[in-house]
Amino acid sequence: MLPNRMQLNRQTEEQLKKLKAYTGITPNVAARLAFFRSVESNFRYSPERDTKKLDGSLVLDKITWLGDTSQATELVLQMLYADLDSKEMIKAWASHVEDGIAALRNHRSMSAFSTVI
47 MLPNRMQLNR QTEEQLKKLK AYTGITPNVA ARLAFFRSVE SNFRYSPERD
97 TKKLDGSLVL DKITWLGDTS QATELVLQML YADLDSKEMI KAWASHVEDG
147 IAALRNHRSM SAFSTVI
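If you use the numbering used here, the sequence shown corresponds to residues 47 to 163, in order.
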């Protein structure tokens with residue numbers, strides 16, 4: 047369902063890198079946490095309102111981005127957005143990561159970060 051190569055928009059990517067500098071959590075792991083946090087908060091992607099381009103420089107394969115959560119992530123996306131094609135599905139995933147990272151990005155230490163997840 048999701049293609050092998052995936053990327054985020056530049057702003058989200060920068061937020062993930064800052065979070066890594068503060069907490070040591072790698073961008074791919076933080077993206078997984080952000081995705082599921084966004085889904086749990088009832089955020090929903092709307093293709094009609096999406097104007098952002100996936101222009102980040104961090105292009106990783108699906109296994110690196112999703113890791114052990116690969117099947118769960120794809121099933122959640124398929125359940126929520128059954129009618130989207132694979133290009134739109136990447137945008138949905140990226141939008142969820144962007145939404146979820148907003149709540150996580152300002153933590154300056156691992157102990158502060160661990161209290162919110």
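Since the hints were derived computationally from the structure, they do not count as laboratory data.
Glycine included, each C-beta is placed from N, C-alpha and C at the ideal position.
A portion of the hints provided could be inaccurate.
[To be verified] Straight-line Cα separation of at most 27 Å, BS3-like style, residue types lysine-lysine; simulated pairs:
{"hint": "1", "residue 1": "K99", "residue 2": "K64"}
{"hint": "2", "residue 1": "K137", "residue 2": "K66"}
{"hint": "3", "residue 1": "K137", "residue 2": "K63"}
[Unchecked claim] Quick list of the computed label-pair ranges, beta carbon to beta carbon:
{"hint": "4", "residue 1": "T161", "residue 2": "N50", "range": "33 to 41 Å"}
{"hint": "5", "residue 1": "Q124", "residue 2": "A67", "range": "28 to 36 Å"}
{"hint": "6", "residue 1": "S92", "residue 2": "A149", "range": "14 to 22 Å"}
{"hint": "7", "residue 1": "Q124", "residue 2": "D96", "range": "14 to 22 Å"}
{"hint": "8", "residue 1": "F89", "residue 2": "S132", "range": "17 to 25 Å"}
Evaluation of the provided hints:
1. For the hint pairing K99 with K64, the CA-to-CA distance comes to about 21 Å; that is within 27 Å, so the pair holds.
2. Proximity of K137 to K66 is assessed by CA-CA distance (about 23 Å); at most 27 Å being required, the pair is judged to hold.
3. Distance hint between K137 and K63 is fulfilled; the C-alpha atoms sit about 20 Å from each other, no more than 27 Å.
4. In this structure the supplied range 33 to 41 Å holds for T161 paired with N50, their Cβ-Cβ distance being about 35 Å.
5. Separation of Q124 from A67 is about 34 Å and conforms to the stated range, judged on CB atoms against 28 to 36 Å.
6. In this structure the supplied range 14 to 22 Å holds for S92 paired with A149, their Cβ-Cβ distance being about 20 Å.
7. The hint said 14 to 22 Å for the Cβ distance between Q124 and D96, and at roughly 18 Å that hint holds.
8. Between F89 and S132, the C-beta spacing of about 21 Å keeps the proposed range 17 to 25 Å intact.
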